[in-house]
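Undergrad: For reference, the chains in residue letters:
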Amino acid sequence: MDFFADILLGFQTTFQPINLLYCFVGCLIGTLIGVLPGIGPTGAVSILLPVTFKMSPVTSIILLSGIYYGAMYGGSTTSILVNVPGEAASVVTCLDGYQMARQGRAGPALGIAAFGSYIAGTFSVIALMFLSYPLSKFALAFGPPEYTALIILGITILTYLAQKSMIKALMMAAFGFLLAYVGIDMLTGRARYTFGIPGLMDGVGILPIAMGLFGVTEVLENLAPPEKISVFKAKLGSLLPNRQDWKDSWKPITRGSLIGFLIGIIPGGNATLASFVSYATEKRCSRHPERFGHGAIEGVAGPESSNNSAFAGGLVPLFALGIPTSVATALLFAALMMHGVQPGPFLIPEHPDIFWGLVASMYLGNIMLLVINLPLIGMWVQVLRIPQQILLPLILFFCIVGAYAENNSFFDVGVMMLFGVLGYLMKKFDYEPAPLILAFVLGPILEKSMRQSLKLSGGDFGIFFSRPISVTLLGLASLVLLSNFFFKRQTGLVDEKV
Amino acid sequence: MKRLGSEVVGSLFWLAVGVFFAVGGIMLKPGTLRNPGPGLLPLIMSLLLISFSLFILARGLIGPEGVLKGIQWKGQAGVVASVFLYGLLLDLLGFLLSTFTLMFVLYGLLFEGKNRWPRVFFYAAATALAGWLVFSVALKVPFPKGQLMVVGR
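Listed in order, the protein sequences are those of chains C and B.
Mapped onto our numbering, the consecutive letters of the first sequence carry residue numbers 1 to 498.
Mapped onto our numbering, the consecutive letters of the second sequence carry residue numbers 1 to 153.
Fair warning: there could be bad hints in the mix.
Some chain B residues well away from chain C (every beta-carbon gap over 12 Å; in silico) [to be verified]:
id: 1; residue: Leu48
id: 2; residue: Leu61
id: 3; residue: Leu102
id: 4; residue: Lys114
id: 5; residue: Pro118
id: 6; residue: Gln147
id: 7; residue: Leu148
Each pair of labels, with its calculated beta carbon distance range [what the hints assert, rightly or not]:
id: 8; chain 1: B; residue 1: Ala126; chain 2: C; residue 2: Thr472; range: 18 to 26 Å
id: 9; chain 1: B; residue 1: Leu47; chain 2: C; residue 2: Phe465; range: 15 to 23 Å
id: 10; chain 1: B; residue 1: Ile71; chain 2: C; residue 2: Arg287; range: 24 to 32 Å
id: 11; chain 1: C; residue 1: Lys251; chain 2: B; residue 2: Thr32; range: 23 to 31 Å
id: 12; chain 1: B; residue 1: Gly5; chain 2: C; residue 2: Lys455; range: 40 to 48 Å
Everything labelled a hint here was simulated from the structure, so no lab data went into it.
Owing to the predicted nature of the structure, the values given are computational and were not obtained by experimental measurement.
Beta carbons: idealized from backbone N, C-alpha and C, even for Gly.
Given the sequences, and given the hints that come with them, work out the whole structure.
TA: See below:
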């Protein structure tokens, strides 16, 4: 009966007025961010992290998660109506969604995207609920060598999936790890790379780095006058898909939900990758693959479902193992740490309200999103007309205040601007920020577990190869690494930009 | 290979970063494998960064010639400079006035067309006022009061 008691606890937590309010606010901001091209969920979460300082951990995690899955709903609107992806996970939706809109079927395209997202979102929350708890028990068998191996595997897969060069992605991961080592060494108390600067004693904060790389960089990149966005003028018509649409879509939605969830679980997997894999799968499964790219509703239903369920999939390793495997979960990990909550196998038993509260809020959030997105679609179309000249200074202003408010010091604002400029140059030189952020968050865990492992084994690296779980994980990492050199990679899938 | 120039420049930058961290790692004492010190992981990671940078550098040098492209910097430099100016003004003028100045510069950089400056003024004033109400009054973020403002009072 524990299970039902836990679910009850989750709903009790979510139905507290403050949590309900922030769940709604998160979904609303998420949809807004999803609709607006330029800034994506990662940037929005980075900017809003400081706002959550004064909230309880459960409220802040409900708000931030709402932004992520809300953005998955909102992103489809821009893809379908403007042929510009609102965020990276909606890129493939442009292919068939915009074609449907041109054929006068924007309504059913938006409708199936929202319903598919709802079904996938609900499915994935249920799967998350059933998987996380048993997995966290399994994770108790993980010692330092296993954690070391898991982090190496996660980073290897993420860099393998990088949009451009894997070597460059590995460089960014190495740099992310190095940044994590700035500050006081936890094991010896020695200051590293601080040069006597007080602001660096606690290390470089995740906030200025994330806001710089995902917020300021976007502002700097979009400074040139944008092409005028033309919103599709045709009437939306009925938003409800007809019987034939449902007949065509139920299988893609089912497959998309499953694919998204599984891809979310694997280290390095994310919503963008899930949507691409789902699109490719649907095209392969279809009896009429030639219809894809010309307004096939399956090409909207599958990817839009999968990008939604990928988010919940990504929460599985975070809650079961305490290891974030994508940028999205890395930021949630950082949010929990800022509230003094240590993600890991003990999180669910020690803080059941956080896990079950989040699960329950995601059930409700998916219902809220259906209401926010479908009847209010007209409002979101209006949002698309806000010019970039007004948005960009506002985004920068939020970044500045957010970075300042963390420690009430302008030092962090300076660090943020530095990373903003670095991020801008990185984009121009084809270096991706995702591996950097993930490695930065995982850096301290990797260092601690690796040093502990070496101490345990008396300096023998064999410890990583003598334990079944760690040798399997390292074997997988080597396979991924080697396959990069022997097979042509499927590139272009992972840039979690915004 | 069109982006050759950028490959060389980029890899040299990361090579320098790698060397910087590697030297730091050695100075921090990597320790031994039996008893790893605070410099071990930084040294391993910086050696990885150095080797990957050398790989990209070699690839960039061997391939045909190319050019750097598409880096605009004028507007970007203006934005970055205005933020640092904001940092200086914040202590002097306090939140409201310095935010107005920052937003005036930012909107001024981006707005075009007729009635540009009245619009810039309006949006800058509105943003500064809304920002002050939200962050300073409602959320009570402790911004500096502004030395000049205190003297003036």
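Undergrad: Just double-check B:Leu148 for me: nearest Cβ-Cβ distance to chain C has to come out over 12 Å.
TA: holds, 17 Å
Undergrad: Decide, holds or violated, for the assertion that all CB atoms of chain C are farther than 12 Å from the CB of B:Pro118.
TA: holds, 15 Å
Undergrad: Could you tell me whether the CB distance from B:Leu47 to C:Phe465 stays inside 15 to 23 Å?
TA: For B:Leu47 and C:Phe465 the Cβ distance comes to about 21 Å; the hint holds.
Undergrad: Holds or violated: 24 to 32 Å for the Cβ distance of B:Ile71 and C:Arg287?
TA: Given range 24 to 32 Å: violated, Cβ gap about 48 Å.
Undergrad: Is the nearest CB of chain C more than 12 Å from the CB of B:Leu48?
TA: violated, 5 Å
Undergrad: Verify this label for me: B:Gln147 is non-interface relative to chain C, using a Cβ-Cβ cutoff of 12 Å.
TA: holds, 15 Å
Undergrad: Do B:Ala126 and C:Thr472 keep their Cβ atoms within the hinted range of 18 to 26 Å?
TA: violated, 59 Å
Undergrad: That 40 to 48 Å hint for B:Gly5 and C:Lys455 (C-beta), does it hold up?
TA: holds, 46 Å
Undergrad: May I ask you to check that B:Lys114 keeps its beta-carbon over 12 Å from the closest beta-carbon of chain C?
TA: Given a closest Cβ separation of 14 Å, the condition holds.
Undergrad: Would the least Cβ to Cβ distance between B:Leu61 and chain C come out above 12 Å?
TA: holds, 15 Å
Undergrad: Over 12 Å from every CB of chain C: does B:Leu102 meet that, or does the non-interface label fail?
TA: violated, 7 Å
Undergrad: For the pair C:Lys251 and B:Thr32, does the Cβ-Cβ distance stay inside 23 to 31 Å?
TA: violated, 59 Å
The structure fails to meet hints 1, 3, 8, 10, 11 from the earlier list, while all remaining hints are met.
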